[in-house]
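Trainee: Sequence:
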Amino acid sequence: MSIDPAAVAIMGGGTIRFTAAVAGTADTAVIWSTDAGTIDQDGIYTAPAAPGTFSVTARSHADPGRSATASVSVSTISVTLSPQTITLAPGGMQQFTASVTGSTDPRVSWTVTEGPQGGSIDGAGTYTAPSGTGTFHLVAASIADPSRTATAVVSVVRPAGVWVSVTPRTADLPPGGTTLLAATVAGTADTRVIWTSDGGRIRQDGFYTAPQTEGTWYVTAQSLSDPTRVAVATLHVARPSQTSPVEPETVTVETGGLVAFRAHLSGTTDAEVSWSIHEGDAGGKIDALGQYVAPGDHEGIYHVVATSRTDPSKTGVATVTVQRLDLIDHGGTVAAATRTFALWWGDDKAFPSDARPLLESLLQGLDGSAWLRVTDEYMRGAHATTSFAGSLFDSSAPPAEDPAESEISDQACHSLDRSGIAPAAGDVVFVVSSIFPAGNAPFCAWHYWGLCHGQTLLVVYLPNPKGTACLRSVAGCNAFSAEATALGIFAAHEFIETITDPFITAWRDPLGQEIGDKCFGTAACFQLSTGILQLQPLYSNAAHACVQP
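Residue numbers (our numbering): 11 to 559.
Note that these hints are calculated values from the structure, not bench results.
There may be inaccurate statements among the hints.
Computed spacing ranges between beta-carbons, pair by pair [to be verified]:
#1 521 to 156: 23 to 33 Å
#2 246 to 17: 18 to 28 Å
#3 393 to 274: 44 to 54 Å
#4 270 to 16: 21 to 31 Å
#5 92 to 323: 37 to 47 Å
Computed from a prediction, not measured in an experiment: that's the story for all the values here.
Glycine is no exception: its CB is placed at the ideal position from the N, C-alpha and C atoms.
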């Protein structure tokens, strides 16, 4: 007699079929038995839950003294994590490694027990601590058997004195790629930082553009309060060598938000992929085309799985973090009371003929408007007020290339000097350039701050939108041209972000978006004291939505 297979390894609770061969008799029937688990008379064996080495025996029906025995090794899945405990500063990062034994599938899904307030972890096990302190728990669950888990404990402790952290601490970018960095400063009331980079370009709002040269570059955030305190982000710039099995591989989306996933499984096409969510309906919905809809009523970290229909062993997993993305108060200064100036820089004939009347109408009419009052909920008990102090003129040629932030703030300071105006707290200068400089795309405007004779000066940079992709459709609110209307929309957008997040340290959502970014792309007619202008809605935490007052 013989038995096949003669030796086998199987997971607890698993099944396998044995066959027996009997020679020397016409009666080839056998009687099956085992010392652990169960086996039916068709040879179907079910392993016990407990691990161990067991025997399966086939005994000849014709001659019970003749038998053959197979060895069965039963194992159970176990998951271990390294490190098991760690202490980090707020915003710090740590790479965790999960090991799975007892399964041929080494994959795990990652979650933070406390949800987004406990930090975040991507599909590769890279954990980013939250901005707050506390004790949090990371769980790695086996994909093969989600009941098998391991937990690591993270203590987030704020260091003594002034400290700075940067998120993300590392990022991989293609040449010319971009990412948004955020700095957190604690231990001082002044949470401003100065950004510098040894390669590529970093704006003072943390927006980084990689150089065209491959390599490793470093971006530094230096505390303005204590210049000895810095944090460094490492940017790896390289041309992609291969495509991720599922794109995007990691993504953060608002509750109820949409994400389009694509699969790139080796040897298959999108049409041959089935989509699922590892956590089931609790993790949202996904259709046959990879169109994902996040759950609308709760947050969490979920996993979208693409499985090849032609070869189900080929899979790809994407990690989705679902958050309610209200604006978060990071504690930095807001600018409740402002005085505004418009600086017209360059050839005055290059500006739209009605640009100056529109911008001055906007800056004169904002104070007391229902549109501006939306920001009161972010002013920490104050009411936003603003006054327009007039237009300034500088006929010198603006830079043809994208100017540095310091170059723009210096130009604003010089213009105030020439007009005999002493800078004061809360001053905002709208620097309107007669040209749209090369390298400024995809930005149609942005805000910044600099120093003018030791006084902080807030700056809004507005390149001429004429003939660019920055033009926006006109809603018919008034007789102003499309070019002037676009300039006004961008000016209002940047102004509202200037007062709620002047130093990139106050009100932002978890993705780094400011109040204007969250509602950008839509516009409506709004009544100001100077007339009706086309502006965008503003995001209200109270309404959890963009509002049109």
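Trainee: Confirm or reject each hint.
Mentor: Consistency of the hints with the structure:
1. Range check, residue 521 to residue 156: about 29 Å between beta-carbon atoms, so the 23 to 33 Å window is met.
2. For the pair residue 246 and residue 17, the supplied restraint of 18 to 28 Å is violated, since their beta-carbon distance comes to about 47 Å.
3. A beta carbon spacing of about 53 Å between residue 393 and residue 274 agrees with the range 44 to 54 Å that was offered as a hint.
4. A beta carbon spacing of about 51 Å between residue 270 and residue 16 contradicts the range 21 to 31 Å that was offered as a hint.
5. Here the CB-CB span from residue 92 to residue 323 is close to 27 Å, at odds with the stated 37 to 47 Å.
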